[in-house]
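Trainee: Spelled out from the first residue to the last, the chains are:
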Amino acid sequence: AQKVTQAQTEISVVEKEDVTLDCVYETRDTTYYLFWYKQPPSGELVFLIRRNSFDEQNEISGRYSWNFQKSTSSFNFTITASQVVDSAVYFCALSEGTDSGYALNFGKGTSLLVTP
Amino acid sequence: SQTIHQWPATLVQPVGSPLSLECTVEGTSNPNLYWYRQAAGRGLQLLFYSVGIGQISSEVPQNLSASRPQDRQFILSSKKLLLSDSGFYLCAWSEAGGEETQYFGPGTRLLVL
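Just so you know, the sequences run in chain order A and B.
Residue numbers 482 to 597, in the numbering used here, belong to the letters of the first sequence in order.
Residue numbers 174 to 286, in the numbering used here, belong to the letters of the second sequence in order.
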């Protein structure tokens, strides 16, 4: 079963628009970690943020912000005033610390295209 | 600071040929190491992980294998490639202890013809 669902396959916005990328996860563990990664056209996965299950505080980093809500099992990512350089595939991931050595369970990604 | 390297960057191989992809990490000791594969248009799938030299865990049964001959070296191999092995292979590392953030290498694009 898919543990991380990113329902939006592709999103296209015009530069300076705000955009929210949705992520819904599923776990029975009480301790887990959530991540967002950015994959630009070059292919390398760039780490953006890590949250643990005990910290529901929202976080803001420049134009990026994250909304973690355990009640709805969601960890959404918002880009404010989007820029062309934000165009990439964004992955949400869950780490449960099971037998897989804390391996990451990735969603299928959301492809974001920001046009001028 | 820590850095992770992968080579080759791209590879085109015929079906049935062997494969060896290498990943090395600098600037840390006893890291956890991971191999992921990203097929075209799909998410990332964990193939192998290692918590120490010689310790390899496989997540997906297939014709691939992994080895960790040195603390900071992780190798992905195959004796005979299949068409379905084509994809983007990413190596990642994290600090020992498990729940740390994973940092990814630049990846290897493999095309099996």
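Just so you know, the hints here were simulated from the structure itself, not pulled from any lab data.
Just so it is clear, CB atoms sit at the ideal spot from N, CA and C, and this is done for glycine as well.
Heads up, some of the hints might be wrong.
Claimed, not checked - Residues from chain B shown here face chain A by an in silico Cβ test under 8 Å; the list is partial:
hint	residue
1	L263
2	Y276
3	L286
Trainee: Against each hint, give a clear statement of whether it holds in the structure.
Mentor: Outcome of the hint check:
| no. | hint | verdict |
| --- | --- | --- |
| 1 | L263 | 6 Å, holds |
| 2 | Y276 | 6 Å, holds |
| 3 | L286 | 20 Å, violated |
Hint 3 alone, counting from the list given before, is not met by this structure.
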